[in-house]
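Colleague: Assemble the whole structure, with the sequences as input and the hints as a guide.
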Amino acid sequence: MNRPPKKITLEEWDVRYAELSSQGLREPWYGGPLRRHVTEGDYRLRKLTFDNSPAALRLWNFLLTEETRLHRARKEGKKIIGAMKDLGTVPVMAYAAPDVIAFYPDGAWWIPCVMEMSTRDLAIADGLGIGETFCPVRAMLGAFVTGEHFPIPDLLTCSVGATCDDLSAIAQRLNGLGHAILWWEIPHRRRPAARERAVRLPGDFTAPAEQVAFVRTELERVRNAVEALADAALTDTQLRDGIRQANRVRRCLCELRRLVFTAARCPIPALELQIAEMLAIHFCSDREESLAVLTDVRDEAERRVRAGTGIAAPDAVRIFWVNPVADLYAMNLLEDVGGRICGSEYLFSHALDEIPEDVVPMEALARMALADPMVGPAGDRAGRICRDARAFGSEAVVISRIPGASHCALEGQVIAGVIRSELGLPVVEIEVPPVADAVRATLRTRLEALVETVKTRRKR
Amino acid sequence: MTTVLYSSPFVPPEWIAAHGHRPERVVPGAGGEASPVITGVCPYLRAFVQHVRTQPRVGAVVLVTSCDQMRRGHEILGAESRVPAFLMNVPSTWQSANAQRLYLAELTRLGRFLVNLGGRPPSDKRLVQVMLEFESRRAALNEQAYRPGKAARGVPLALVAGPLLREDLALFEIVERHGGRIVLDGSEGGERTLPAPFDRRQIRADPRLALAESYFNAIPDPFRRPNGPFYQWLKTMLAERGVRGILFQHYLWCDKWHAELARLREWTPLPVLDLECGDDPAGTRARTENRVQAFLEMLT
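The listed protein sequences correspond, in order, to chains R and A. Heads up, the first sequence is in numbering that gives the first Met the number 0, so the first residue is 0 and it goes up one at a time. Heads up, the second sequence is in numbering that gives the first Met the number 0, so the first residue is 0 and it goes up one at a time.
Since the hints were made in silico from the structure, they are not lab data. Be aware that one or more of the hints could be misleading.
[Claimed, not checked] These stretches of chain R come out as covered by chain A in the derived footprint (C-beta under 8 angstroms, 3 or more residues): (1) 43-51; (2) 154-163; (3) 209-220; (4) 264-278.
Heads up, the beta-carbon is just placed ideally off N, CA and C, and yes, glycines get one too.
Modeller: Shown next, in the form of structure tokens:
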């Protein structure tokens with residue numbers, strides 16, 4: 000069943016799928032050929048290249064069936080929480096409760112890409128006054144209005160305060176359309192003052208104890224709402240178990256990232272790795288299955304590393320990537336021009352770090368929420384990127400700006416400045432729209448220039 | 000006495016003054032290019048940072064977390080280290096006791112910052128005295144500014160906006176030149192953001208709490224979540240002042256104000272004129288004048 004690692008097109012996957020099926024491929028209920036997703040409207044798949052392993056097939060099928068699985072969960076009587084913005088905290092609480100699942104409505108920001116602008120979501124957002132000066136997360140408004148994607152959640156939460164203005168404004172617009180939202184506050188994380196009690200957070204950040212206590216109280220409000228929704232108490236024991244389960248996912252992902260970033264030959268493509276990382280933020284609506292999917296991908300990576308095989312050339316340039324891309328194609332492009340991913344920070348590193356298990360669960364969740372790279376100074380975020388880039392041996396950094404995102408432009412400058420001064424690495428900033436076909440040549444040129452710069456530096 | 004600059008209406012000047020400093024609310028001019036150049040920020044933040052950089056005898060600056068841009072502004076100014084900069088967490092949420100406690104705690108933290116600048120923590124008596132002085136002065140100014148005489152003429156308009164640049168103040172003249180009159184100033188520097196009168200019982204029992212409540216619980220602003228009180232305030236004031244049209248101004252890249260435009264249009268039966276301010280104040284002004292003129296022609 001195993002073939003040498005290779006990136007293949009959708010057409011090649013048709014052949015590969017037939018071959019795997021004839022060899023007795025066993026799939027979960029949501030499995031099937033990738034081609035069927037195109038029939039359902041995910042047209043972008045026609046332009047992408049994919050890893051050729053059964054593990055990657057399972058990963059893609061898991062990702063692309065999320066809406067189906069959410070509708071199925073609703074039919075099974077499960078309660079659904081739409082957790083907006085916090086990217087990793089509320090879902091840990093939600094999955095700890097009986098028969099409750101959570102997903103990120105903000106994940107709709109990939110709909111315009113995956114469905115190649117074939118839906119009405121952005122047009123609806125335009126009509127609601129949320130135009131192109133906002134980030135692609137505005138597609139979420141269209142998804143709520145049409146109800147054609149995810150089921151309307153039973154409970155909507157949104158973290159606000161030191162979060163991005165785009166999402167806060169769009170969520171308020173959603174609220175104005177009649178969707179009730181439980182707003183909870185995440186304050187700007189500041190450095191503890193002298194003589195102020197400090198708490199160490201995941202990701203090596205610190206915060207004053209009083210800020211942690213504040214967030215803990217805010218999360219208690221969310222906990223009360225989850226309990227009301229579940230019609231059952233959400234005990235510390237359940238939360239502790241929820242944290243343990245989340246940490247199993249995070250440890251698996253951590254191991255996968257380590258394998259990919261440090262291997263002599265890159266074992267898993269950038270695109271599949273980015274999708275794998277995304278599973279951590281809300282388990283793609285199924286916590287147990289997400290662990291199984293990730294375990295498969297990690298095992299595949301391990302096999303390839305042991306065999307000394309991979310999907311990129313041995314001399315591929317080791318790139319650290321900052322921010323998620325609105326068009327998934329950009330991750331393919333990086334490898335097409337001779338790069339490979341060796342480090343990433345997609346704005347949710349707090350969803351990858353292990354949640355502390357040695358403190359009471361609500362304290363642990365509060366610490367995790369405050370470790371969100373977005374809620375602190377851009378300088379803190381840059382510091383973490385530098386640490387990781389150094390640890391993974393990155394040779395250059397790509398900062399991918401999110402179109403319309405009000406925080407990105409300045410943050411990008413700060414991060415680029417810190418990287419240049421601390422690491423002396425070349426940095427390139429790019430902006431990737433939801434469908435990047437029109438700027439493909441420009442993107443390619445910029446990434447090629449970065450790769451060539453690194454190769455020249457190697458010769459010195 | 001140290002001059003402490005600030006911009007947000009959620010920073011109580013009484014608190015700064017009670018610590019022995021001079022509060023100065025900034026209305027920056029767009030001016031020319033900021034130096035060193037700042038890119039990737041809204042026109043207001045660029046002007047604000049440039050103002051702080053260029054003012055002589057500035058002792059400190061206080062910014063708040065009401066938007067991404069001002070948060071980043073604190074980073075810019077903090078990195079330059081020319082002027083001590085304080086970032087005050089003003090919660091977006093307001094319905095929980097926890098949010099109110101955070102605001103109060105942030106006032107206390109601001110107090111420590113002001114003491115480090117050479118100020119003195121105020122006694123309750125001193126704080127009450129300063130609060131009442133400021134309240135009295137505000138009341139006198141409001142009487143003049145927001146109670147136009149019966150003789151006032153022109154189509155009554157409301158201005159709904161975030162913070163204004165000095166150049167934006169010309170809007171008042173432009174409106175009058177074309178036959179209108181701004182009878183409701185809902186901009187960030189206007190009557191919308193005035194604190195509530197201090198609770199006389201509370202001020203005796205706990206002046207800090209009275210101060211916090213008058214600011215945090217009373218100022219309606221689009222950045223708050225949910226922001227229903229902003230619309231409740233508008234509903235009352237538009238009716239009270241007999242407003243016939245709304246001028247809505249927002250800056251390019253200001254998501255929180257921009258997102259309210261369509262909602263405001265859905266919400267009100269009054270005509271709403273969108274005045275978007277870009278990076279070029281001169282170009283913006285010419286366009287604004289034309290648009291206001293046409294708007295008023297329609298309403299006349």
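Colleague: So, for every hint listed, does it hold in this structure?
Modeller: To see whether the hints hold, each was checked on the structure:
1. 43-51: violated (count 0)
2. 154-163: holds (count 5)
3. 209-220: Since three or more residues must qualify, the claim that chain A covers the stretch 209-220 of chain R holds, with 5 doing so at under 8 angstroms.
4. 264-278: With 0 residues closer than 8 angstroms to chain A, the stretch 264-278 of chain R misses the three-residue bar; violated.
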